[in-house]
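These are the residues of each chain, in order.
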Amino acid sequence: MEPDSNQNNVLDAARPKLAQKINILPPELAHRIAAGEVIERPASILKELLENALDAGATVIQIELVKGGCDALRVTDNGAGMEPADVPLAFQRHATSKLTVFDDLYRLRSFGFRGEALPSIAAVARVELTTRPATALGGTTIVAENSRVEELREAGCPVGTTIHVSQIFAAVPARRKFLKSEATEQGACLEAVNRIALASPGVKFRVLNNGRLLWDMPATADAGERIGMVLGRETGSGLLKVKGVRGELTLEGYISRPEITRANAKDIYCFVNGRCIRDALLNHALMTACRNVMAAKRYPAAVLFLTMPSEEVDINVHPAKLEVRFQNPRAIYGLVVETILAGFAAVAPALDDGASPMPATDPGDANLTSQVYQRRLEEAVKRYTLLGGAKKSSYRSGASFSAGSGALFSAAADRRRGRRDDDASAGEGSPSFLGGGERGNLERRHEPGFVSEPTVEAAAPRDPADAPAFPGSEDGSPRRYFASMTYLGQAGGCYLVFSHDHDLILVDQHAAHERILYEELRREGREGRLAVQPLLIPEVATLSPGDYGMLMEHRDLLREAGLEIEPFGGHTVSIRSLPAALGRLAPRTLLEESLAQLTGPTEGLSWGEKRDRVLISLACQGAVKKGQILSEAEAVRLGHDLDRLPFAGTCPHGRPVWIVLTERRLAGLFRRT
Amino acid sequence: MEFHIDRNVFLEGVQKTLGIVERKSIVPILNNILIRTEEGRIKIVATNREIGLISRYDAQINIPGDITISALKLFEMIKETQDDTLQFIKNEQHQVTMKSGRAIYRISGLPADLYPQVLEVDEIPLYKVSGADLANLVRKTSFAASTDEMRANLTGVFFETEASGEDGPPRMKMVATDGHRLSSALGPVGSAGGLVLEKGIVVPRKGMEEIRKIAEAEEAVWIGVDHGMFVMKTDNLTIKVSLIDADYPDYRRVIPKNKGVLAIFSRDVLLHALRRMGVVSNENYNDVVIELSDGRMALSSNNPDVGEANDEIAVSYNGGDLTNTYNVRYVIEAIKAVDEEEVSFEINEGMKPGVIMGVGNDDYLSIVMPLKLKE
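One line per chain: the protein sequences are A and B, in this order.
Quick note: to get the working numbering, add 10 to the position in the first sequence (first position is 1).
Quick note: to get the working numbering, add 381 to the position in the second sequence (first position is 1).
Incorrect hints may have been included.
[Said to hold, decoys possible] One-sided and incomplete, this derived list gives chain B residues near chain A with beta-carbon spacing under 10 Å:
| no. | residue |
| --- | --- |
| 1 | K405 |
| 2 | I470 |
| 3 | Y666 |
| 4 | D668 |
| 5 | V749 |
[As the list claims (entries may be wrong)] Taking lysine-lysine and the DSBU-like style, the derived pairs with C-alpha atoms no more than 30 Å apart in a straight line are:
| no. | chain 1 | residue 1 | chain 2 | residue 2 |
| --- | --- | --- | --- | --- |
| 6 | A | K276 | A | K253 |
| 7 | B | K454 | B | K614 |
| 8 | A | K187 | A | K620 |
| 9 | B | K587 | A | K635 |
| 10 | B | K424 | B | K594 |
| 11 | A | K620 | B | K753 |
| 12 | A | K77 | A | K276 |
| 13 | B | K640 | B | K717 |
| 14 | A | K635 | B | K424 |
| 15 | A | K77 | A | K636 |
| 16 | B | K480 | A | K636 |
| 17 | A | K251 | A | K214 |
| 18 | A | K307 | B | K405 |
| 19 | B | K454 | A | K636 |
| 20 | B | K405 | A | K635 |
| 21 | A | K251 | A | K276 |
| 22 | B | K717 | B | K614 |
| 23 | A | K190 | A | K307 |
| 24 | B | K454 | A | K635 |
| 25 | A | K636 | B | K405 |
| 26 | B | K587 | A | K307 |
| 27 | B | K587 | B | K640 |
| 28 | B | K614 | B | K405 |
[Said to hold, decoys possible] Which residues of chain B face chain A? A few of them, derived with a C-beta cut under 10 Å, are:
| no. | residue |
| --- | --- |
| 29 | T706 |
| 30 | D744 |
| 31 | I748 |
No lab work stands behind these hints: they were computed from the structure.
We put the beta carbon where it would ideally sit given N, CA and C, even for glycine.
Extracted from the complex, chain B is given alone in its bound form (with noise of 0.2 Å):
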């Protein structure tokens, strides 16, 4: 086996695969990627069992074959090189020589064929949506979802499609909660493309995440599902990651309808004090005391291993005084998500949750579940 490749392609390639394969996996070749020749291409396949990922990049093919290699180590190896081409070769004990100019590589690899296989996808539909579209609502909701392996369902992001008015074009929707906050987003009317899911499926979070990386840097992609995949490809690459079989809850019942008192911020006057507090409010829960009386909205945390800390903003807000205790870290990822210069905060009494939404825009809310400090 040997090619000649461009450096760079070769180095975003090899990048593209270290969210997915694992990178101390007591089954060594689950820490390693697999590169196959094809015809004046390589093919790059990585997984980790949940997330499969394919993609190919031109190159010079001298003699064709496969091998598997750590994708940590490549990609390490390959960002120290200098010069604009690489030279792949494989020789028959599965090692592997790389040249750049006068550098040279040696490293052992692992046969190709006890790499875990990723199938092709063909022939399912797919639909054709926005990269940054897509990659926005990952980025609006993902946050919000379980990092919890025994609350499988609500680790991953709900994916839905729903129809935007009277039987108009349908929009991608995200929905993720852990169970204390949940972040729900909307695409533009008819980001779909098309794409109807009778029932919202749920996508694991890392394999979203990886989506986003993915998609964020495309124009568009295209989208479909598969046996239990969530599949979804750019010109030259492929990415399915493993649904989550489990029923999502109702996220829409918890989703407040009578309306607290509604307070608007400008998003980075209030990121910014949220964060002071942050610094020592308790690390587990980071609890911060939000009240609002006298026009203005006070915040204080306090912690005994640690300190106080103490701010003001000044706001207008409709109704009366008020005083609740939240997780600094759920409203400050909540805001974050918010692409608006202001924000609206809806705060409620007692144990009902908090609203979080951009002034302007109805596509994004974030709910946050107050803290209740026991008397």
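This is chain A alone, in the form it adopts within the complex (with noise of 0.2 Å):
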């Protein structure tokens, strides 16, 4: 069977020629499909009404959102409507317009098909919907609250459907009580907007709140230039256009220039067959791509469209549609790597002869670089059938995910808890090395594989409990320690080594520098001495709007950490200021690091947790690098700078600072007895 002319069907059956467009699932269909949590944050209510409007066909949608969406929201499309009849149906649970059988889910190429959506929005909210066929006269009202049909109606309207969502969960005061602030659901809410209108270029958005026109995005034949509408000019303006083919899977899309990043991978939008996606898998490839061609640990922006047969991939995997299973995954996985080395490839002369230093990718590489693709598609093909099976078995026992906020993402919260065992372990094994304060620190940051082992004996010189308060108090003079030792060199551009009698001591140069202006930020926020460069020249940065939502809500905090910003109209700001200890650093990248630290599970954490969680961004980002040659009496400067410090035993992520080779140590190596 013709992939397409399914598609026709399903879309048909959407089409107003019908009269009897909703049908009520069969009861084993309905349970064949999980259930689950669908509807968590007005950004929730805003993705499934998007979802409806463009299955209706809507060109022109319109997004009202009152308080971020938290008090209210309105979605208004010219679409096609809904029959008089039909209206009554449409806050049952599993009415559905398009699927009819079982096996037509799976070659769904319509947005929304389990017929949940509304009756979902309506048990937690006051929906009221008005809509009129082309073909009708009049249109129809409905009002539903609390599951319930409140009121029907005839009503006057125009062509299309407008849904007003309003008391959002009023009727469930715990959910309502996770709202998190005005600015962050309506960035949530932008956010929602982005998916839907990356991938529907052809369809004019509005996007209002409170009144106030927010975005206005008009329709466009180039889904290059919706791109530049939704993450910003800049960089919209530097992205390569890529295309590839592979049997019946094609891959088009947009991912930046390899001298664009971002701190982290929000920017990455992959859509299967126009669905907004996360998948490990893709975003493995395509990290798989960037390596060695952006900096490590940066981040492209990218948009990429995936089209393959229905069949071939299960989107019913996520009450939220937010992740699928694909059969072929190899396929996928090599389609994305080649195509976007393709692309990259074609703009390597442009980067060659501009300022760049790098040289060119060696030819000679070539083998070496298809082994570590091997090696890494491997590694992701293995990882991605494991997590699927535990992730599937997850959703499918259901009801433990009602809590809803943890179900987004709960395989990687799987991934999360299970490090954490893991750590705790590592902890119990470790030695004791660790000052009071820090442990809990330690214990929350460790890296996975840092298991104390037993070849390095990993030493502080000194009980933490008689440490001078902090460093130059007049009690307690400072260590000698590293001051007492013998500097030998660097090793392998990160590990600088000492020698301390009869003893081998390294030292890795940015876990050191790292933990040295932690401290040294630390103590200046403490002593109310935060030293701040303001800038002659205020830089300008353009955010997606949830950053943007995000950093007004964190801008206290920032401040107290020497960074100074301010509104500057739509969702940019300027920087008005940065720590001066870091005041060589490009602003902007302080900024997005800093933010990058906000974003992700940051519930729960304190404000002096997250304060603290900034700092050691910075610090990060102001240490000396892996690679940097340091001349001796920088080295040795940095080995008095840690005698200063109460504690310098790790970095502030957790890993050690410096290990011990002590002669008996060194004797077994050399099996000397």
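Both chains come to you apart, so use the hints to assemble them.
Here's what the structure looks like:
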């Protein structure tokens, strides 16, 4: 059967010419479709409504938010509308115009299909729906609240559908409590619009908040132009168009030129058959392609559209349809990597004669690269298969995820949890070189894989208890541990080698400097003498709506760390000052990295913990990097600075700063007895 | 390949390449310079892909040929020779033998065809300017450029031409800033030698420094812009620097208009006092508190890690008492660029920038943002 004809069938079903479009799903089908919590915040309501609007063939969609969507939101479209006869069915569970038999599920091309959206929304809010199909003279209004239809009447209205959702979570105070600030929720709503807008350049979007126009995106035929509207003009103009075909798979999209990078993966948007998803495999493939092209720990901005026969992908693994399962992950991985590498290859000459002193990719590297690629592919596929099993079962077991907010990235959460357990055991086994206050820090941030090895005797020279309160204070003179060492040299562009009596001490220069800067920033903050360098020319940065909301929420916190930010209209901010100790760094990068620390699971973190996160990130950026050649004076200076710290055993991320190879250990290594 | 060359000429020629070729590049050939024989002279080419240098020196050519060889090693070798003339021989295996009297060096080179090409510049309009003027402008500005590669546009020196008065002959102007301070210097009237830049260009700081080193020693040089390169020629040498392709911020906007408290100092007295503060101040941001009161300026620096420093200078200033904190390194660098004996330091309140100029010279000014110590 041709996938295309199926698509038409499904889409045809949505067209207004059929009188009876809505069918009740057979009960066994209803069971087979895993039900889940669809609505967790206003943005999820918005997402469902927008998908409905697009399924109805709308070309103009207006979104009005009240208080960032926390109070109410309204979506108006000019799509097909509903026949009066269908309207009452709209709020029944599993009522859908898009699916009649289970097998259809595997050929889905429309966004919604479970028939869950409207009933779920009506379960947590008051929904007023006004609709008119082009074929009817008058429209219908239906009001539902607490899952009950309260009112049904005729109404005069234009063709299309308007859905007004108010009293959001009024009946679910617990959920309402979990809503974040207006700015954050608004950011999440705008992010939902982003995802939809990226995939539908032909649809005009208007977004208003509290009556003020936030965003007006005209329809455009060019996906690239729409990306520019969404991700900002700077990014939009630095995008490479990529396209690759492999059998029935097609990958099309845009990726930022290698010199345009992001601090996190937030600006990576992947669409599978038009649906925005987050998929570990796709991200992995993308990062494989960007390896060696982009700086370490930097991410591209990318918008990728993967098209494949509907049968080859299962989109029904996640209640919010954020994740999918591919039948043939290998082919997809290969397609993504090859397509993007080909895209980068096309710009390579331009890079080469630019200011970048980096040598052009050596063709002799090709073999090596393909080996790396093969290895990464196997690793990704393996992880994908393993993870997939666990993920599936956890979703199918349903109830445990009703809490919602955790369910979105439950796989990631599982992984974190697993890691945490590892760490706990590692923590127990590791020698007690941690000062009391740092222990929690270490356990939380411990990298997996760092288990103190028996060959290494990580040691602080003294008991934390007799540490001076902080360096230079009159009581207790600073330690003279490093001061009494002989500096031997730098190994691997990263490790400073010292000798002390008969021991050999290796210091990780980045970790050491990171710890020093972190303590300095913290100390200055505590003593209220943080030096701030205002900027002569304030740096202007355009952020995504989500980042902007988060930034505004944490403005005070960043100011405390020396980063002063002022709104500059739209989602643009101007950076007015930097912590003076890091003044030579690029303000925008500092801001991005700090923001990246505040995204992700920050719930439950206290203000101080969040501030520490930002300080750690600042220290990390300010610290000397691996590969930086240090002079002897600099290396010795680093040792002296370490001596002055109350605690220097690990860097703020929990990695050890130095390790000691004792004489006995060395003798053992050389088999001297 | 074989030639004889005057030792001092060769030494100077190789020395000029040291700032350009890389020292520890992982691509060995980028540590090298190219030497090629021409009619009665040798050509030395050096590049790091951002800066290209082509220079020519008289030599007695016996057998033509070419080779690339480590610039640093070659320089060190020549430096330790004593005879007036050097003999330079390359064999088929790209091995170089250099003889000075009875001293013989042997060193391996790499074939010349592997070396990145540096094209000769011909047929672009070049304008004759004073080498001293050009070097001076670089000296007075380039120190303020950013060293952070993330802000590409600020890592360069902005170079533009400015009409002197109404339709006067254009003069050269350079500006550099790292976002915390800014220096701007204007050449004498007519100094652009007829060059008119419609829109300024951004020349990387390192390239500008090389240009300064060469221009300093020349009475006149010829400059021009070609294919995204800033080009400077002397009688025997051409240097080309790839421009930074980025917009320069509108620096005019940040030059403060309203006057703060203007204090006049002897350049050297102030420099010494500031340097004394620099000894103890925090080495990251070098904070120094400057306080104007009772006809004197009090300087103080306090660093919990090191100690304290205090100093006072008698000074005349207009306006009321004032205190502000600066990064002393920025202030020192700005004052060092002043040629006059007296410096004017205009101190503003709060977060407004301070302005440093030479007394009686409006062509140079340096702006420094104060530091803010959080309370």
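Hints, one by one, checked against the model:
1. K405: holds (8 Å)
2. I470: B:I470 check fails; min Cβ-Cβ to chain A is 31 Å, beyond 10 Å.
3. Y666: holds (4 Å)
4. D668: holds (6 Å)
5. V749: holds (8 Å)
6. A:K276 <-> A:K253: Given pair A:K276, A:K253 holds - Cα atoms ~22 Å apart, limit 30 Å.
7. B:K454 <-> B:K614: This hinted pair holds, its Cα atoms lying about 27 Å apart.
8. A:K187 <-> A:K620: holds (21 Å)
9. B:K587 <-> A:K635: Since the Cα atoms of B:K587 and A:K635 sit roughly 22 Å apart, the hinted pair holds (cutoff 30 Å).
10. B:K424 <-> B:K594: holds (20 Å)
11. A:K620 <-> B:K753: Given that 30 Å is the threshold and the Cα spacing comes to 23 Å, the pair holds.
12. A:K77 <-> A:K276: holds (24 Å)
13. B:K640 <-> B:K717: Holds. B:K640 to B:K717 sits at ~23 Å (cutoff 30 Å).
14. A:K635 <-> B:K424: violated (39 Å)
15. A:K77 <-> A:K636: violated (46 Å)
16. B:K480 <-> A:K636: violated (42 Å)
17. A:K251 <-> A:K214: holds (23 Å)
18. A:K307 <-> B:K405: At roughly 25 Å apart (the allowed maximum being 30 Å), B:K405 and A:K307 satisfy the hint.
19. B:K454 <-> A:K636: It holds: about 27 Å lies between the C-alpha atoms, which stays within 30 Å.
20. B:K405 <-> A:K635: holds (17 Å)
21. A:K251 <-> A:K276: holds (19 Å)
22. B:K717 <-> B:K614: holds (29 Å)
23. A:K190 <-> A:K307: holds (29 Å)
24. B:K454 <-> A:K635: holds (29 Å)
25. A:K636 <-> B:K405: Measuring from Cα to Cα gives roughly 16 Å; hence the hint holds.
26. B:K587 <-> A:K307: Holds - the C-alpha atoms of A:K307 and B:K587 are around 28 Å apart, at most 30 Å.
27. B:K587 <-> B:K640: Between B:K587 and B:K640 the Cα gap is close to 34 Å, so the pair fails against 30 Å, i.e. violated.
28. B:K614 <-> B:K405: With Cα atoms ~28 Å apart, B:K614 and B:K405 stay inside 30 Å; holds.
29. T706: The hint holds - B:T706 has a Cβ within 10 Å of chain A, the shortest such distance being about 8 Å.
30. D744: violated (20 Å)
31. I748: holds (6 Å)
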